[in-house]
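*Asks:* Sequence:
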Amino acid sequence: MLEVREVEKSYNKNKVLNGISLTVQPGEIHGLIGENSAGKTTLIKCITGIYRADHGKILYDGKPVYDNPDVKEKIGYVADYNEYIRYYKVSQMVHMYECFYPRFEKEKFNDYNQIFKIPVHKRIYSLSKGQKMRLAFMLEISKNPEYLILDEPTSGLDPVAKAHFFELLIQEVEQNEIGVLISSHNLMGLEKVCDSVTMMHQGSVERQMSMEGFKSELVRLNVVFEGGAGKALYDLPQILKVSNVGSIYTMVVREYDEAFAGNLREIGASLIEPSDITLEELFVVLEETKEIEESARLEKHKKIGSKQQRK
Numbered sequence: 001m002l003e004v005r006e007v008e009k010s011y012n013k014n015k016v017l018n019g020i021s022l023t024v025q026p027g028e029i030h031g032l033i034g035e036n037s038a039g040k041t042t043l044i045k046c047i048t049g050i051y052r053a054d055h056g057k058i059l060y061d062g063k064p065v066y067d068n069p070d071v072k073e074k075i076g077y078v079a080d081y082n083e084y085i086r087y088y089k090v091s092q093m094v095h096m097y098e099c100f101y102p103r104f105e106k107e108k109f110n111d112y113n114q115i116f117k118i119p120v121h122k123r124i125y126s127l128s129k130g131q132k133m134r135l136a137f138m139l140e141i142s143k144n145p146e147y148l149i150l151d152e153p154t155s156g157l158d159p160v161a162k163a164h165f166f167e168l169l170i171q172e173v174e175q176n177e178i179g180v181l182i183s184s185h186n187l188m189g190l191e192k193v194c195d196s197v198t199m200m201h202q203g204s205v206e207r208q209m210s211m212e213g214f215k216s217e218l219v220r221l222n223v224v225f226e227g228g229a230g231k232a233l234y235d236l237p238q239i240l241k242v243s244n245v246g247s248i249y250t251m252v253v254r255e256y257d258e259a260f261a262g263n264l265r266e267i268g269a270s271l272i273e274p275s276d277i278t279l280e281e282l283f284v285v286l287e288e289t290k291e292i293e294e295s296a297r298l299e300k301h302k303k304i305g306s307k308q309q310r311k
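Quick note: the sequence shown uses our numbering, first residue 1, plus one each step.
Please keep in mind that the hints were generated in silico from the structure rather than gathered at the bench.
Each residue gets a CB set at the ideal place from its N, CA and C atoms; glycine is no exception.
Among the clues, some could well be false.
Said to hold, decoys possible - Think about it this way: if two alpha-carbon atoms lie no more than 20 Å apart in a straight line, the pair counts; the simulated SDA-like pairs of lysine to any residue are:
(1) LYS129 / GLU83
(2) LYS45 / HIS201
(3) LYS108 / ILE75
As the list claims (entries may be wrong) - Pairwise CB distance ranges, derived in the manner of DEER restraints:
(4) ASP195 / GLU105: 23 to 29 Å
(5) GLN171 / GLU273: 35 to 41 Å
(6) GLY19 / VAL120: 41 to 47 Å
All chains, full assembly: derive it from the sequences and hints.
*Replies:* Here you go:
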């Protein structure tokens, strides 16, 4: 099991990670999401032993990762930008991995390359960003790791390559029971493969739950108002977002229940149809809600300050 316990990390007294905790079980795919600068990449570099955490612990099956070659040998890591020896051919990189990692399987690499089709005679510098990403995934998964850490692994991949990537990732987890931590802005892809999710915001964990629990937090409703909805609709506190095309109103709400449905009928709803919300839509709504709440808080603080100055 991968355990992250109350990890903190700062740069020049600027705290980037503030008490982060999460776990990844063998055979589990755990998603890591958040806005840019939320601290995801810094956390991943701590988890892979590249950075030393200032406080807290990072353990793989009870053993620390930092400065521990035996543990690192069991970890596959695909970074958001993969830098290899520029003038090496792909075949030379494969040979290097064979020398460095006892569990590396060249046959497995070749099997994967039947799908991803990276020319092994090409030099690294001549590969596109997508090809480098595919190469990194194939090299790391061919190490037969017990844990796989992925930072934006679909960056630069075309839609077909993305589909292959997620299919192969699921296959590896099912066949070899590896634990996977994956950070990505490709929320549609994460939604299809993740068992659980951690959502970060400004260096802290904001939400952490199973994928099912995460998606059940909010509900999308398609509601018909024959004569159009009045102001009363927008006063309902459960509604986080609403838009309409003609008489059909699409809204995202929290705490949807029969009482709320009754409120909608009272103000003229003739049809209420709940539907599942996507992870991407949920993330966007939560981010927009945070921005609105933060703006309201700052405005309130400004007004209080102005009153105190007048006194």
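*Asks:* Please flag the earlier hints that this structure goes against, numbers listed from lowest up.
*Replies:* none
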